[in-house]
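For the protein sequence lines, the chains are A and B, in the order given.
Here the first sequence is numbered in my numbering, starting from 1 and rising by one per residue.
Here the second sequence is numbered in my numbering, starting from 1 and rising by one per residue.
Check each hint, because a few of them may be wrong.
Which chain A residues face chain B? A few, computed with CB under 7 angstroms, are given here [what the hints assert, rightly or not]:
| id | residue |
| --- | --- |
| 1 | L32 |
| 2 | Y139 |
| 3 | S145 |
In silico DSS-like cross-links for lysine-lysine, where the CA-CA straight-line distance does not exceed 27 angstroms [as the list claims (entries may be wrong)]:
| id | chain 1 | residue 1 | chain 2 | residue 2 |
| --- | --- | --- | --- | --- |
| 4 | B | K264 | A | K143 |
| 5 | A | K143 | B | K49 |
| 6 | A | K62 | B | K213 |
| 7 | A | K230 | B | K49 |
| 8 | A | K62 | B | K276 |
Ranges between beta-carbon positions, derived for each pair [stated by the list, open to error]:
| id | chain 1 | residue 1 | chain 2 | residue 2 | range |
| --- | --- | --- | --- | --- | --- |
| 9 | A | T295 | B | D338 | 27 to 37 angstroms |
| 10 | B | E224 | A | Y107 | 22 to 32 angstroms |
| 11 | B | D76 | A | P104 | 55 to 65 angstroms |
| 12 | A | S289 | B | N321 | 48 to 58 angstroms |
Keep in mind the hints are simulated off the structure, nothing from the lab.
Only a predicted model underlies this, so the values are computations on that prediction, with no experimental measurement involved.
Backbone N, C-alpha and C define an ideal beta-carbon position, used for all residues, glycine too.
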Amino acid sequence: MQEKAESVLGPYRVLDLADEKGLLCGKILGDLGADVIKIERPGGDEARNLGPFYHDEPDPEKSLFWFALNTSKRGITLNIETVDGRVLFRKLVETADFVIESFPPGYLDSLGLGYSDLEKINPRIIMVSITPFGQSGPYRDFKTSDIVAWAMGGEMAPYGDIDRPPIHFSHHSQAFLHAGCDGAQGALTALYHRWDTGEGQQVDVSIQDSVVQCTEHITSGWDLHKMNQKRTEPGSSGGRITQLWPCKDGYVSWFYWGGPMSLRTNVPMVEWLESEGAATDFLTQYDWSKFGFETTPEEIKQIEEPTAKFFMEHTKAELFEGALKNGVQLYPVSTPADMLGSPQLEARGIWAEMEHPELGDTITYPGPTTGYSESPPRISRRAPLIGEHNREIYVDELAVSEEELLVLKQAGVI
Amino acid sequence: MTKQLLEGIRVVDFTWHLTGPLTTKHLSDLGAEVIIVESRHRPGWERGKPLSGSTDQYCTGKLSATVNTRDPRGLDLVKKLIAMSDIVADNFAGGAMDRMGLGYKVLKEIKPDIIMLSTSMQGQTGPHFNHPGSGHKLTALAGFSNILGWPDREPGWIAAYTDFIAPRYNIIAIMAALEYRRRTGKGQYLDMSQYEAGMQFMGTLVLDYVVNKRVVGRTGNKCEYAAPYNAYRCQGEDRWCAISVFTDEEWESFCTVIGNPALKNDPKFATFRARKTNEEELDRLVNEWTSTRTAEEVMSKMQAAGVAAGVAETGEDLLDNDPQFKHRKTFVQLEYPDGGKYRTQMGNHFLMSKYTPDMKRAPLLGEHNEYVFKELLGLPDDEYERLIKEEVID
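From just these sequences and the hints, can you work out the full model?
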């Protein structure tokens with residue numbers, strides 16, 4: 001506990017009722033040092049069923065998705081739909097500073113556990129609600145999923161190939177992670193406000209709103225120019241100029257800039273190609289101050305062809321090394337394997353070794369962002385097992401007796 | 001007038017374009033006094049032109065002071081301003097603030113409890129600290145390009161995606177540092193890396209590699225535990241609606257909505273495994289139904305039956321048509337003194353039950369010079385005029 005007092009959120013307690021949509025919020029607060037208690041329904045949260053799994057063994061105690069998003073949390077089970085469960089939850093609320101939840105709007109109110117109920121128990125409580133479309137409005141009862149959030153947040157229509165549907169990220173939801181971050185921002189902002197007013201409040205995160213925060217040109221393009229951004233032909237990754245290029249063992253990200261950036265970025269690339277004997281006369285003699293919207297497709301072809309040929313002769317690691325040496329803004333399209341081998345990430349100390357005694361293993365985690373000089377966030381414990389801290393919380397803290405604990409267990413409360 | 005949430009917090013802001021301004025926008029839209037320090041002779045990208053895009057959107061509520069920091073007198077003015085501020089933010093490439101004579105060590109001497117945030121591609125330390133880049137490139141480096149797109153094609157393009165993840169972790173860092181300072185009296189240096197912020201959204205896939213040595217790639221729009229799950233073509237020009245069906249109950253509702261209740265017992269689709277096996281045929285069936293209806297109709301009918309569905313909204317949909325954004329006042333219209341109007345989102349990405357922020361337009365270049373140099377720094381009129389003439393205040 002001594003160590004926790006030095007952290008940013010050491011003095012604060014978080015009750016985390018969130019599902020898949022809001023798990024990141026509690027992880028961020030936990031990594032910042034808050035005492036986060038993950039509250040799961042008896043048997044465990046549904047998100048434990050999401051893969052991939054440790055050694056591909058499908059087991060609610062082995063979900064890597066769960067591991068990744070529940071670090072620095074303790075875990076208890078509690079059925080808040082039972083009367084006894086609600087009594088215990090209210091007791092916990094008396095001791096807490098934050099509640100994170102992602103139930104459909106109105107659900108907690110129907111149990112007598114909505115913000116208006118909890119503020120009566122603890123006026124300083126800050127409730128962070130993360131829902132598909134927010135607590136009110138015409139879409140408040142709409143359901144979401146990652147693809148729906150991405151579509152309705154506007155970050156999908158302009159991306160992908162024109163001959164196929166708009167595209168969103170593969171695998172687990174990115175939209176929910178944006179919302180989880182926004183929940184953590186909201187929690188810290190409401191905490192700041194609480195110092196001034198002495199009161200807590202409800203923070204209302206809409207996943208749709210979180211996604212729309214990624215749009216930039218999509219919204220300003222319509223607002224200022226009445227232009228809807230479009231998907232492009234396959235293979236050209238964005239239109240007239242190539243942005244993602246195949247190389248010997250994967251892809252690299254590089255494009256010839258137009259406008260004021262062109263000299264600073266394009267010249268080092270051409271000089272590099274020249275030093276490798278890969279540049280053509282056209283390329284070395286090209287006047288970059290002319291490069292821009294007026295450049296013809298034929299000229300672009302003459303610029304890009306020797307570049308593409310050079311890339312195909314090298315691996316992404318070789319190209320990144322050359323880019324670093326020559327000050328060229330080229331980067332590899334990395335995979336997690338590349339990240340584990342990154343000397344930069346290693347030097348920054350992002351990796352955290354976490355023991356999993358129940359698996360007899362130690363797992364290398366991506367730790368929280370580094371670089372805080374005084375109060376760095378860190379993973380203080382691995383994700384909790386189902387009900388791992390029931391005794392610690394119920395018996396040691398809330399003075400529930402061992403007999404009562406047995407009764408509550410058999411009654412399906414915990 | 002009620003007190004602004006961050007009233008009394010002053011920020012000296014050296015940031016430009018996306019990640020940096022998005023970070024300090026959270027502070028200015030909540031009422032902190034954010035003073036952009038810029039220069040008429042070395043303007044940041046797109047600065048100085050109202051209605052050009054990102055500056056309008058991401059510099060809301062900020063003040064602008066123009067000063068030449070290459071002139072020692074200009075640098076001195078900036079240092080005086082920092083001495084009366086709480087936060088300094090920059091997004092220059094690694095090492096640039098040190099070279100300008102405004103590194104953290106210097107700032108800490110001027111203002112011992114200063115909170116300084118530097119947001120860069122890969123941080124201020126490590127072998128790659130000064131490699132130039134942009135959000136487009138970091139989207140590749142942090143692993144996102146590899147998981148966007150169709151399995152039979154090249155990685156997909158999603159512009160500067162990580163430019164919208166990094167500010168979120170920056171804002172968290174600043175709010176955390178303010179909390180820490182309040183309790184301990186200590187400021188700190190926040191050396192933020194866009195690479196590391198992006199990685200926070202890749203945690204599960206990184207663990208999959210660490211534990212299972214698996215590297216997953218692009219799977220189009222597929223979801224391992226849902227079908228149908230895709231964007232489907234609707235009536236009109238390039239109109240699409242996303243639909244996702246997870247449970248048997250949702251599948252039944254889906255079949256009812258498309259007027260084909262018999263489909264739910266069709267052996268090709270009756271179970272989840274069957275739907276997954278015959279996903280392509282299923283997608284064709286769904287497209288047949290959606291292509292004769294508007295995306296809005298598809299969404300409303302599906303949602304009314306409890307199936308998650310949503311229009312793939314264009315810029316026009318987001319700003320002009322979506323009633324939920326209207327209800328939440330997500331986009332606010334702002335106006336420049338010459339009447340130029342534009343719309344943008346609030347810097348804080350959430351609503352609060354006991355506080356409503358009041359967002360103001362972006363500043364014009366040097367609009368607040370008099371306030372900053374005369375009122376705050378106390379320059380007498382004649383000296384102020386002289387420094388303008390000598391292009392120190394430029």
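Against the earlier hints, flag every one the structure doesn't satisfy and list their numbers going up. Checked against the structure, the hints that fail are numbers 5 and 12, while the rest are satisfied.
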